[in-house]
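S.K.: If you want the building blocks of each chain, they are given just below.
Number of protein chains: 4
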Amino acid sequence: MLNTLIVGASGYTGAELAAYIHRHPHMTITALTVSAQSADAGKLISDLHPQLKGRVDLPLQPMDGISAFAKGVDVVFLATAHEVSHDLAPQFLDAGCVVFDLSGAWRVNDPDFYQQYYGFTHQYPALLEQAVYGLAEWQGDKLKEAKLVAVPGCYPTAAQLSLKPLIDGGLLDLNQWPVINATSGVSGAGRKAGLANSFCEVSLQPYGVFTHRHRPEIATHLGTEVIFTPHLGNFPRGILETITCRLRSGVSQTQVAECYAQAYGDKPLVRLYENGVPALKNVVGLPFCDIGFAVQGDHLIVVAAEDNLLKGAAAQAVQCANIRFGFNETESLI
Amino acid sequence: MLNTLIVGASGYTGAELAAYIHRHPHMTITALTVSAQSADAGKLISDLHPQLKGRVDLPLQPMDGISAFAKGVDVVFLATAHEVSHDLAPQFLDAGCVVFDLSGAWRVNDPDFYQQYYGFTHQYPALLEQAVYGLAEWQGDKLKEAKLVAVPGCYPTAAQLSLKPLIDGGLLDLNQWPVINATSGVSGAGRKAGLANSFCEVSLQPYGVFTHRHRPEIATHLGTEVIFTPHLGNFPRGILETITCRLRSGVSQTQVAECYAQAYGDKPLVRLYENGVPALKNVVGLPFCDIGFAVQGDHLIVVAAEDNLLKGAAAQAVQCANIRFGFNETESLI
Amino acid sequence: MLNTLIVGASGYTGAELAAYIHRHPHMTITALTVSAQSADAGKLISDLHPQLKGRVDLPLQPMDGISAFAKGVDVVFLATAHEVSHDLAPQFLDAGCVVFDLSGAWRVNDPDFYQQYYGFTHQYPALLEQAVYGLAEWQGDKLKEAKLVAVPGCYPTAAQLSLKPLIDGGLLDLNQWPVINATSGVSGAGRKAGLANSFCEVSLQPYGVFTHRHRPEIATHLGTEVIFTPHLGNFPRGILETITCRLRSGVSQTQVAECYAQAYGDKPLVRLYENGVPALKNVVGLPFCDIGFAVQGDHLIVVAAEDNLLKGAAAQAVQCANIRFGFNETESLI
Amino acid sequence: MLNTLIVGASGYTGAELAAYIHRHPHMTITALTVSAQSADAGKLISDLHPQLKGRVDLPLQPMDGISAFAKGVDVVFLATAHEVSHDLAPQFLDAGCVVFDLSGAWRVNDPDFYQQYYGFTHQYPALLEQAVYGLAEWQGDKLKEAKLVAVPGCYPTAAQLSLKPLIDGGLLDLNQWPVINATSGVSGAGRKAGLANSFCEVSLQPYGVFTHRHRPEIATHLGTEVIFTPHLGNFPRGILETITCRLRSGVSQTQVAECYAQAYGDKPLVRLYENGVPALKNVVGLPFCDIGFAVQGDHLIVVAAEDNLLKGAAAQAVQCANIRFGFNETESLI
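Protein sequence lines correspond, in order, to chains A, B, C and D. Just so we're aligned: the first sequence equals residues 1 to 334 in my numbering. Just so we're aligned: the second sequence equals residues 1001 to 1334 in my numbering. Just so we're aligned: the third sequence equals residues 2001 to 2334 in my numbering. Just so we're aligned: the fourth sequence equals residues 3001 to 3334 in my numbering.
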């Protein structure tokens, strides 16, 4: 049994991680922590997330320094703010833990990226170079020896799973940038009070047009520019992305289907649609990314759906841990 | 044209009042105000409530004392916190305005009530005695000469419209207290950030069981005790109340129907159902309170629906103003 | 491994049963069936319920007589219409299967009940007498030898779990009938096209006032009359019941708490709230019934929440099967 | 007062038309009709649409031939199926009525279009040529003398209002087709039972990818090809369209803003956003089309929102009628 620490466990992703690890046959929760300043410190996680009542009734312990928590811990999940993850990851690595970070702090191997898009100066360029980007279906071998895994962002997961096989396979005409229209449930904004997330204020609308920091994350890892327009949807969880691309002249529907089948035919958490495209409800509460597509002439529309808190966060983190430690890739997830 | 001031115009009720007064043929908005400390001061009301864009693009002026705003004003709507309404109403009355208050500060003619349920000491017992409770269908004559109208709470409006004719008509066996189960949309909590109103946290649930201050408001005005259980519903607006009562022995369905017909047959904003009971969607966005009922033996179930922001607040306030000034009762409302 | 047949597997309950049995370590799905006339015959269950894609991709086989399906089957779940269950259960029993029926056809040991409330004449009074009512927390020993288990209705499950300990413990003054206000998600109406279930037509509203057939089911098994008012809620799944009762004079909050603790302290699928009452979201997607309460004087309000498709149907059916066959009571459910 | 007939008044658009005409100072409803075979024949429109109770309590009369209804009628609104409108419009024109058709039967001046996209052979090419396409902001003068107005489709209204000024102004590089991602509320599918519109089946998902017949309507009237991907959203009403375009090299944000201001600065039902983009809730229940945009380099994203039943149907029909008869363009709409 791997001793597992979940840091920043009060949020929606933390609650999902706690549920997965609780039922994992090879991992056990040693502690759940929150910031020492948090008003939630000392509460049970099931007080904040009553769906966990009777399953995970552990306290959220205030963490003021890692020393009291790192000892004997094999695995750490950081569900913390970007700056906090930036500071904590090196400390837990020094303590001998394997770290899975769900923030944006370790996703792009370029210190300038953080200055530009996250507003802080990255202090650990050498470590950044060693961090493995946890897009699980594409990083299998690298994950097996990773010390620090940067779990991808929610939007980038669906976008890259959709586009990477096509781009790597040379099927797209990239003179025309892929247009990614994405809609996310409100949980993507985290568990916090805010007028923008207030029930009566939420309705379908774009936000962060041209400015969302998931765009450069997508573009960097795909190696091509994209137009990315995120929307807030009037539902608690799930992401649907509709991606409009230009095929290279002559590429057929069959070639696209074969490209996807080759990439994901043996991947248990990507579900390909032979006909039609996914709906959001197909994936909510589940660890899958569903992908379907349609072709007309040189135009290709790919539709991907995932649960932003699961394949877009907690489930992919656990999937990466499963791969890292040689467990069944879907252990505790399905 | 009556010069009209809306105080506390940044909230959901304020926005509805602004829309009604804007299209009222005999009333005109002189100013919209918010607290001088409000972060919304100086913004347009249509920045906060974009549905008003192109209709009411007036600024929310910071009000620090009434003097700059009361001059020349005939009518004031107070959509302010209870304590604020308590302080402002006497000042506007002194300035010669007719005041329609949508808070709880003037609804019950008993100073102890405020200490017990609202947590402040009422300073104006004489004025409290003169305030007219604006349950419009039942206060017509008193409203015509009112200086200060206390617009009823959202839950009490539907509850009283449902029960008052039955109680006044002697149809109920009050040894068994009426059981009022009510569900309100989230806008009832006001326009403010708060975890409890956060999109992902909202789902159907009771709150304030045995402790909600609308219970004593209902009981006082009906002159009988009730059991009142409010619920938060997963919708932005509307209230549905299901009220279970005991009929006096021998009272028939026909008698109940006649009782309601007599009370509301000529009332334009109460809609009676001859068969069946109302659904929430029948009233959302509309100024009506809909009432239906069913009888079995001595058991009576009454169902009432209204929009909490309209018949439960802004529309009833304007209805009271229409009656007060001799306009058509439904002017600007339908 | 018990060979398991799910009859009527195309509906929402059938899909939940399929998911549970699929992951059950001691049960395996031998076939999923639908009526021979069904337009869904021959489709994969995951075509109808895409959340099952990659997990349960079995065909819905048309069943025209049980002979082709009963052989070698240990366990049958009937998720069929009342009349169909009435006809099929005896046949499967004759074939040596243990039958768990999720319809209303075997719930009340009184043939007249079916005539009056379900509109058909029950043909099997002797079998009706042997059927075990599957309110799992209360029928443990009887379930262990049951041949035919009548899984309770969704509303009756929450209502009885809430009231039975209080009534059996003599804590209620039953001269005043308990008032059960219940709100169910739309899936309670089943998976079928109908204007009443159409997205734009759904909003919170009572239905079946005084006439819903779950009232006599509740009353019969509790041995006391109740007032039951079901509502349709604007959400896909979940039931919340707010139950207003009269305590016998002198009964304290502590006695109520102790009564519940004694009844359910060791029951894994009933979660008691020491403070406060449950919200719908606490149980959606989960097999629990959550119960909380508040007392004021002689008035008691109990609030129960469950997922109508799970503890109100599929999960309770599997729970009954687990008890019947000596498995862990929560096997495959948590 | 213009005598006004609403044909096909049982649907969602019919109900909105009835509400608008009911409160119109220069138009009066002479009759509401449904097909003679309709199960709704003889019912009150307020039985089907209870929000109209107390406002429009007129019967839905079965219409079996126009003769009993056309006499003395000045204006006819056809809210009927495409084939029905195709048959009825010429008859009402012969009877001297001015016809506003909300179906697709008269929108494109090309008989082949109907064969290809609507599956019927258009019988009236001469009349088709005279029909005026009622995109109100762009057809003002033509509307003033129109006999037959083809009110645009819901999606095409927002798409064309967004793109037409840019295209006509030469601001776009049309080598790259505009990509229109649109999400509509469920009411767009009409008031009818169907599994796809069933409450539990609805979630965000694309449909009609590459095949929706609003694409050729948009392309024909804009004179350029577009990629159009409609989605079903989990809300009853409203449309949001996010349109990604390529600007001609060197075109600035200011030029785009000026282009829109010139087109719509004096148009009361198009609301331009100086900053930011619209949200769906800004327009639900209102007759506006809201437009905002953002520019980055040569990339332009335009966001348009409207209520599919109002500016996308009933409100635009009344707006056309107002223009046609010389009334205030927004009469009864705001």
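The reader is advised that the hints may include incorrect statements.
To be verified - Heads up, simulated EDC-like pairs for lysine to aspartate or glutamate below, C-alpha to C-alpha not over 20 Å straight-line:
1) C:K2267 to A:D57
2) B:K1043 to A:D57
3) D:K3267 to B:D1057
4) B:K1142 to B:E1329
As the list claims (entries may be wrong) - Pairwise CB distance ranges, derived in the manner of DEER restraints:
5) B:D1057 to D:A3196: 38 to 46 Å
6) B:Q1037 to A:L127: 42 to 50 Å
7) D:Q3116 to A:A196: 51 to 59 Å
Stated by the list, open to error - Quick partial rundown of chain D residues pointing at chain A, CB under 7 Å, derived from the structure:
8) L3171
9) Q3176
10) Q3205
11) N3234
12) L3240
13) L3280
14) K3281
15) I3301
Treat the hints as calculated values from the structure; they're not laboratory data. All figures in this text were calculated on a predicted structure; none of them were measured in a lab. Glycine included, C-beta positions come from ideal geometry on N, C-alpha and C.
S.K.: Hints first: check each against the structure and report whether it holds.
M.R.: Outcome of the hint check:
| no. | hint | verdict |
| --- | --- | --- |
| 1 | C:K2267 to A:D57 | 16 Å, holds |
| 2 | B:K1043 to A:D57 | 46 Å, violated |
| 3 | D:K3267 to B:D1057 | 16 Å, holds |
| 4 | B:K1142 to B:E1329 | 15 Å, holds |
| 5 | B:D1057 to D:A3196: 38 to 46 Å | 40 Å, holds |
| 6 | B:Q1037 to A:L127: 42 to 50 Å | 46 Å, holds |
| 7 | D:Q3116 to A:A196: 51 to 59 Å | 45 Å, violated |
| 8 | L3171 | 18 Å, violated |
| 9 | Q3176 | 6 Å, holds |
| 10 | Q3205 | 3 Å, holds |
| 11 | N3234 | 6 Å, holds |
| 12 | L3240 | 5 Å, holds |
| 13 | L3280 | 4 Å, holds |
| 14 | K3281 | 4 Å, holds |
| 15 | I3301 | 5 Å, holds |
Against the hints set out earlier in the document, violations occur for numbers 2, 7, 8.
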